[in-house]
Structures are given as C-alpha cells and as structure tokens.
Amino acid sequence: MHMADALLSPAVGGTMWVATAGTIAHCAKKVQRDLDDRKIPLMGVLGAFIFAAQMINFTIPATGSSGHLGGGMILAILLGPYAAFLTIASVLTVQALFFADGGLLALGCNIFNLGIFPCFISYPLIYKPIAGRRPSPTKIAIGATLGAVVALQLGALGVVVETVTSGISSLPLKPFLSVMLPIHLAIGLVEGLVTTAVVSFVWKARPEILELTAAAKPLGALNLRNVLAGLMVAAVVTGGALSWFASSSPDGLEWSMFKVTGSEELDAPEEGVHHTLATLQEKTAFLPDYGFKQSSPTESIENSEPETSSWPMIDSGTSTSGLVGGILTLMMAAALGLLFKRRAHTV
Amino acid sequence: MAKIESAFFDLSYLDALARRNTCIHRLDPRIKVIATAVFVICVVSFHKYAISAMLPFALVLVLVMGLAEVPASYVARKLLIVSPFAVMVGIFNPLLDHQPLMQLGPIVISGGWISFFSILLRFSLTVSAVLLLIASTGFNAVCMAMVKLGMPRIFAVQLLMLYRYIFVLVDEGIRIHQARALRSFQKRGLSMKTFSHLVGQLLLRTLDRAQRIHLAMLCRGFDGTIRIQRVFTITKGDLFFLANCCTVLFLLRYFDLPLYIGRLLTRLLS
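Protein chains in written order, with numbering that gives the first Met the number 0: chain A, 0 to 346; chain B, 0 to 269.
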C-alpha cells in the first residue's frame with residue numbers, strides 16, 4: 000500500500016527521505032563495486048518485468064477478487080539485496096512520477112516500506128537461511144512465503160507508524176494497526192504463494208538461474224484493489240453518517256474537559272509521540288489552532304451572530320473570512336484556467 | 000488489463016506532452032525539480048486544519064499548468080485514479096475528530112471534516128505538482144537533473160533502463176495475456192497456477208533479453224561504467240524563475256492570503 004504525500008508531515012517525510020537516499024547511495028556503491036556488469040541491464044529489464052507482471056491479474060483462491068504481483072520478493076531472490084533494492088526503488092520512482100502513486104515526499108516512505116524490509120530483513124534473515132544454498136520446492140515455498148509475509152507485515156507497520164506520527168490523519172495507532180496488519184497478512188500470504196509458484200517454475204525450467212544468483216533476497220506487496228474499493232465506499236458511508244451525529248452536538252465530556260483544562264490543544268490527542276509531534280508542528284504552523292485562539296467566549300458573543308455564541312470555541316469571524324477568501328481564490332484559479340483554455344482554442 | 004493498457008498509453012502521452020515547447024518546458028530541469036520540491040514541502044507543512052490558506056497554491060499550479068499547456072482534464076483524471084488510499088485513511092478523520100471548528104449558519108462543521116478536506120486538497124496539490132513536473136520535463140531530463148543534484152549515477156542508469164524496457168516488456172506481457180484470453184473463452188479469471196506459469200514464462204524471456212542486451216552493450220564497448228552525455232546550462236532566466244517561484248511560494252506559505260482577502264471583503268460588506 001502506497002503512502003501519500005497528503006498524509007505526511009514534513010518531518011516524517013524528510014526523515015524517511017534521508018534514510019532512503021542513504022540506503023540507495025550505499026546500495027549503488029555496493030552494486031558498482033560488484034564486478035558483475037551483467038547486473039546493470041538485468042536490473043533494468045527486471046524492473047520493467049515487474050511492471051509487465053503487475054498488469055496481469057489473477058484470481059485469488061476462495062475470494063473471487065483479483066490481485067497482482069508485488070514483486071519485491073522475486074527481485075530479491077533473483078538479484079540479491081543491493082541490486083534488488085535499487086530495482087524496487089526505481090520501480091517505485093517511476094510509479095510515483097508517472098502514475099502519481101504516492102508522491103514526491105512520500106517516495107522516501109514508500110521505498111523504505113516496500114524495499115528495506117524484503118531486501119534487508121526478509122531475504123537475508125528468512126529466505127537465504129531456508130532456501131539459499133540448496134533450493135528445493137518445499138524450501139522455496141517456505142522461504143518465499145514466510146519472507147513475503149514478514150516483509151508485508153513490516154511494511155504495513157511502517158505505513159501505520161508514518162501516518163500516525165505525521166498526525167495529519169486522526170487515526171490512532173492501535174485501531175489502525177489492527178486493520179492494516181490482518182489485511183496485509185492476507186496480502187502477504189497471497190504474495191508468498193505467487194512468488195513461490197513463479198520461483199519454482201523458474202527453478203524447474205532453468206535451475207542455473209537461481210544458483211547463479213544464490214545471493215538473493217525477497218520482498219512483496221499485493222494490491223487488492225477491488226476489496227479496498229469496497230471497504231472505501233463502506234468507510235465513506237459510515238463515516239459520513241456517524242460523524243454527522245457526532246459533530247452536531249459536542250459531547251459533554253469533551254466540553255467539560257475544555258472547561259476544566261482550558262487547553263487550546265484539542266486538535267491532537269495529548270499523549271506520547273503524537274503530542275510531541277503536534278506541538279512541533281504547531282511551532283512551524285503559521286496559524287496554529289485555526290480560529291481557536293482569538294475566540295474567548297466573551298469575544299465571540301460580541302462579534303458574531305446570535306447562533307454562534309452558543310459554542311464559544313467557534314470563531315465565526317475567522318471561519319467566514321477564510322471561507323470567503325477561499326472561495327475567491329478558487330474562483331480566481333478557475334477563471335485563470337478558463338482563460339488559458341480559451342487561449343488554447345483560439346491559437 | 001484494459002486499465003493497465005490505458006496506464007501505458009498515459010506513459011506515452013506524458014512523453015508527448017513533455018516534447019512541447021513552452022516557457023515552462025524550456026526551463027532547466029534542475030530548476031523545475033527544485034521548484035517542485037519546494038512546492039510540495041510548502042504544501043505538506045501546513046497544519047492539519049488548513050484549507051483556505053492552501054488554495055493560493057492551486058492558483059500557482061493552474062498558472063503553471065496553463066503556461067505549460069498541460070490539459071487540466073488529464074490531471075484531474077489521474078487524480079481520481081490514484082485517490083483511494085488518501086481518501087480511505089482520511090475518511091476516518093470525521094469519525095474520530097468531532098471538535099467543532101467552523102460554523103456556517105446553522106451547520107457546525109467538525110475538525111474531522113475540515114482535516115479530511117485538507118487531506119484531499121494536499122493530495123490534489125502534491126500529485127498534480129509531480130505530474131506537471133513530468134509533463135513539462137520528461138523522464139530522461141528529470142533523471143539527468145537528479146544526477147546533477149547528487150543522485151548516484153547507477154541509480155539514474157537503472158531508472159533510464161527501466162523506463163526504456165517498460166514499453167517492450169509490457170507489450171510482451173499484453174501478448175501473452177491476450178493469447179491466453181483468446182484460448183480460454185468465457186473463463187474470465189486467471190487462476191494462480193496459470194498465472195504463475197505465464198509470469199514465469201515472461202520472467203524467463205526477460206532474463207534472456209537481459210543477456211542479449213548485455214552482449215549488445217559489450218559489443219558496443221561497455222566496460223562497466225556508464226557515461227551520461229548531456230549538457231545543461233542554467234541561464235539567468237532560470238535563476239530568475241527559481242528565485243521568484245520560491246519567493247512567491249514562501250510568501251503564500253507564511254501569509255494566509257484568502258483569509259486577508261476574506262476579512263477585507265466581509266468588513267467592506269458589513
């Protein structure tokens with residue numbers, strides 16, 4: 000699952016970028032020092048192979064939904080950790096640039112989540128000890144499946160931790176984990192099965208290929224688009240319905256907590272990492288606590304229409320100005336777009 | 000399958016867009032890469048509930064899109080295709096965050112909804128910015144620019160090779176898939192067993208192809224080092240563009256323009 004720019008804070012995105020860039024530089028050095036220059040075209044063509052393989056969908060047994068290959072594990076097994084990491088990184092870069100999967104800042108996270116775990120954890124620690132030296136169909140099956148499952152679990156964990164520490168989404172850690180990990184357990188199993196099938200096919204047809212690249216590693220990611228689309232629709236519907244009830248009357252507890260603590264930090268849960276990052280983010284934000292700070296109860300009674308005074312934490316002044324200004328900006332953007340369009344027609 | 004074929008049609012469409020010649024296309028690729036990065040960082044650094052403050056960035060984007068003659072409908076379609084993950088994670092915000100933040104007449108809007116729309120806006124802005132970069136620069140030039148900016152050369156070669164062979168291998172994949180589809184009549188789903196044989200076959204062909212490419216490279220004097228020959232020059236105009244671009248972006252980041260305009264207007268009207 001690809002991380003998106005929209006859910007990242009600059010601090011988290013930047014950190015992951017640095018980590019990923021460092022790993023790429025390290026791998027580039029390792030691959031360049033490797034005397035085997037056959038790997039250069041091999042890496043490029045295998046990266047393209049992943050694209051081609053991903054467009055062929057298969058039916059997932061017993062579910063009726065379809066999935067496609069993630070491919071990280073296969074690359075690791077065929078190329079070894081360093082070259083495979085570069086290949087995965089290049090595939091994700093092309094996906095980010097051309098298919099807008101993720102985004103520029105999220106690229107660091109995505110390469111980390113989908114590349115580091117299969118190449119530097121699953122492959123050397125799981126696949127290689129099990130099936131590295133003398134592969135047999137059973138060993139390949141166990142190694143590839145286990146490797147894919149572990150890599151995807153860690154990858155899902157990465158997505159969750161990055162999302163939660165960024166704090167743009169309000170999802171708390173535990174429920175998010177309890178959704179992501181089981182989904183990715185299933186995805187990992189399917190990915191493992193497919194990887195096993197493809198690798199054993201190659202092993203039967205051309206055993207020398209696997210022996211040649213015996214220094215290889217696994218990785219994997221599967222896309223259950225249809226399942227996810229269904230989940231999304233369900234989430235939007237329930238989210239819309241539930242939040243309507245929830246937001247139209249702030250519940251007593253929240254209200255009293257505000258009164259008691261006088262805290263202005265209600266926009267972030269006050270615990271652990273989340274809080275620390277939220278405060279950090281606040282320092283960098285130009286208008287922290289949108290429409291919140293200026294609105295002491297007395298002020299809002301003075302300045303605003305009668306209806307707004309019942310909930311003093313709403314500063315209707317800021318809301319309205321923001322809204323009016325925002326609509327104006329949007330109209331300007333639309334007008335500009337139309338202008339360009341008309342010019343394009345007349346030219 | 001149709002989806003993927005159209006995705007690859009998109010690839011060549013982006014390439015075609017990148018071959019145009021507008022004032023944005025003529026800028027040095029390095030300048031465009033840096034400007035895009037600044038844009039993305041500015042957008043993601045907004046706080047969770049920012050909406051109106053981010054809108055001027057859309058204005059900037061529309062301006063560049065217009066100058067580069069990239070069709071907005073194309074960018075919009077791309078946004079729709081890739082939106083699921085951001086929407087799925089974002090939609091939990093309205094569920095979890097009930098803090099009322101805004102009032103429109105009788106309707107109170109919770110912080111959750113505001114941050115959800117903020118996520119959608121961030122998503123649209125960052126994704127369109129990257130698409131614009133590619134559509135106005137082209138993949139090869141972006142890779143070269145990244146090498147000049149410090150990306151390891153071998154990684155650039157990997158990206159270029161990958162991009163070159165995507166078209167070849169996707170064609171091959173499509174042929175294999177078509178052959179199987181023609182022979183299986185109404186049986187629509189592809190079982191995992193058949194799938195692994197198809198993909199395994201594709202993999203074997205890929206490995207053979209890699210070997211042929213390697214031999215061809217050796218015949219042409221490949222000695223393990225990659226030479227990238229392309230000269231870029233940054234002109235005064237480029238620097239002028241970058242300076243202006245960064246100034247505008249930082250100003251927009253630090254001053255909530257729509258809020259000021261809105262305040263002015265509401266004050267005038269009341």
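Hints are supplied without guarantee of correctness; some may be wrong.
Listed next, the in silico SDA-like pairs over lysine to any residue satisfying Cα-Cα at most 20 Å (straight line) [unchecked claim]:
| id | chain 1 | residue 1 | chain 2 | residue 2 |
| --- | --- | --- | --- | --- |
| 1 | B | K192 | A | D100 |
| 2 | A | K340 | B | N20 |
| 3 | B | K147 | A | P128 |
| 4 | B | K147 | B | Y73 |
| 5 | A | K340 | B | P70 |
| 6 | A | K203 | B | K147 |
| 7 | A | K138 | A | L124 |
| 8 | B | K147 | A | K138 |
| 9 | A | K28 | B | L159 |
| 10 | A | K203 | A | R132 |
| 11 | A | K29 | A | G13 |
| 12 | A | K340 | B | A17 |
| 13 | A | K340 | B | K192 |
| 14 | B | K147 | B | R25 |
| 15 | B | K192 | B | Q177 |
| 16 | A | K138 | A | I182 |
| 17 | B | K147 | A | W16 |
| 18 | A | K29 | B | Y12 |
| 19 | A | K340 | B | A71 |
| 20 | B | K192 | A | W202 |
| 21 | A | K203 | B | T21 |
| 22 | A | K340 | B | T21 |
| 23 | B | K147 | B | V230 |
| 24 | A | K340 | B | E68 |
The hints are simulated quantities; they were obtained by calculation from the structure and are not laboratory data. Only a predicted model underlies this, so the values are computations on that prediction, with no experimental measurement involved.
Distance restraint between K340 of chain A and E68 of chain B, which requires alpha-carbon spacing of 20 Å or less: Since the Cα atoms of K340 of chain A and E68 of chain B sit roughly 9 Å apart, the hinted pair holds (cutoff 20 Å).
Distance restraint between K340 of chain A and A71 of chain B, which requires alpha-carbon spacing of 20 Å or less: 9 Å, holds
Given hint R132 of chain A paired with K203 of chain A - CA-CA distance at most 20 Å: 16 Å, holds
Hinted pair K340 of chain A and K192 of chain B, Cα distance within 20 Å: 50 Å, violated
Hint consistency between K340 of chain A and N20 of chain B [alpha-carbon to alpha-carbon, up to 20 Å]: Holds, because 17 Å separates the two Cα atoms, which is no more than 20 Å.
Given hint D100 of chain A paired with K192 of chain B - CA-CA distance at most 20 Å: Not satisfied, since the Cα-Cα distance of roughly 29 Å exceeds 20 Å.
20 Å limit on alpha-carbon distance, applied to hinted pair K192 of chain B and Q177 of chain B: Between K192 of chain B and Q177 of chain B the Cα gap is close to 17 Å, so the pair holds against 20 Å.
Pair hint K147 of chain B and Y73 of chain B, alpha-carbon separation not exceeding 20 Å: Not satisfied, since the Cα-Cα distance of roughly 30 Å exceeds 20 Å.
Given hint W202 of chain A paired with K192 of chain B - CA-CA distance at most 20 Å: 15 Å, holds
Satisfaction of hint between K147 of chain B and K203 of chain A, Cα-Cα up to 20 Å: 44 Å, violated
20 Å limit on alpha-carbon distance, applied to hinted pair K147 of chain B and V230 of chain B: Judged against 20 Å, a Cα distance of about 10 Å means the pair holds.
Pair hint K29 of chain A and Y12 of chain B, alpha-carbon separation not exceeding 20 Å: 36 Å, violated
Of the hints listed earlier, those the structure fails to meet are numbers 1, 3, 4, 6, 8, 11, 13, 16, 18, 21, in rising order.
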